[in-house]
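Participant: Sequence:
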Amino acid sequence: MEPLADRTWENQLIDPSLERESKPRLRGLTMVIDKGLGVHAFQDMLEVAGEYIDFVKLGFGTTSLTPFPLLKEKLGLARLHHIHLYPGGTFFEVAYTQNQLDNYFQTLRDLGFVWLEISDGTIDLLPEERSRCIREACVHGFRVITEIGKKTKGSISPVSELAQTFHQDRQDGAEYIIVEGRESGKDIGIFNSQGDVDTEYLLNIHERVESESLIWECPKNPQQVAILKLLGSKVNLGNIPAEEALSVESLRRGLRSDTFFTFGGQS
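FYI, in the UniProt record's numbering the residues of the sequence shown are 1 to 267.
For the record, the hints were derived by calculation from the structure and aren't laboratory data. Hints are supplied without guarantee of correctness; some may be wrong.
[Said to hold, decoys possible] Capping the alpha-carbon separation at 35 Å, the derived lysine-lysine pairs in DSBU-like fashion look like this:
#	residue 1	residue 2
1	153	35
2	23	72
3	153	234
4	150	35
5	234	35
6	23	234
7	229	35
8	72	234
9	35	23
With the hints as extra help, turn the sequences into a complete structure.
Facilitator: Pasting the structure below:
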């Protein structure tokens, strides 16, 4: 008999959907938010779920509160698992407001960051200034993710405005664009005050942009289920809590009851 350590599950048991793409993926991306994991917790997360995580965002301005040696260690671990680690957009907004963008870009490069996020969720940026910042980041050699939407409770970006910003960001060099959903997932963007998905709003956005370049922030399980059922298992999802990475991957493959008959259950 083959040693247990050399055995694995049959493909139909690992992925009942038979559709999940392996890394490096261009769609079906999962972005996890790290709000302050230590190295051991970070390593544990990657050992268990690293194959199913594509991006890890260092939430808010926590990058500035994390010692440089720890940041470099996290970057090294992420690279080993083919994961892109990047600082959250709020840290960019701090650097912009404090007139420290050059220092911000240079220090991130020195640390070894390849990706960064540009947003205006808290501050106000004129469209031309947003474009300038994206282009400047690209000139510094970064790969750019942007975020659309304000963090103010009840804030909703009109579909036409969101689509226009999306296309301009892409033209300026952004590779992925996040739709704001915050960590609460309530009363903002595509979510109402109860955290339910505004299906009509979501589908209107989906029809107006290149969906493979869009990342939907959806921190709550019911939201993840709703979006996956609406847009399919290859939709990009973000702001996933670290402990929920395997849960989201199970949803994508039909390994949870919520999506068993949507993506799995074939005989």
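Participant: To test your reading of the hints: which numbers does this structure violate?
Facilitator: Violated: none.
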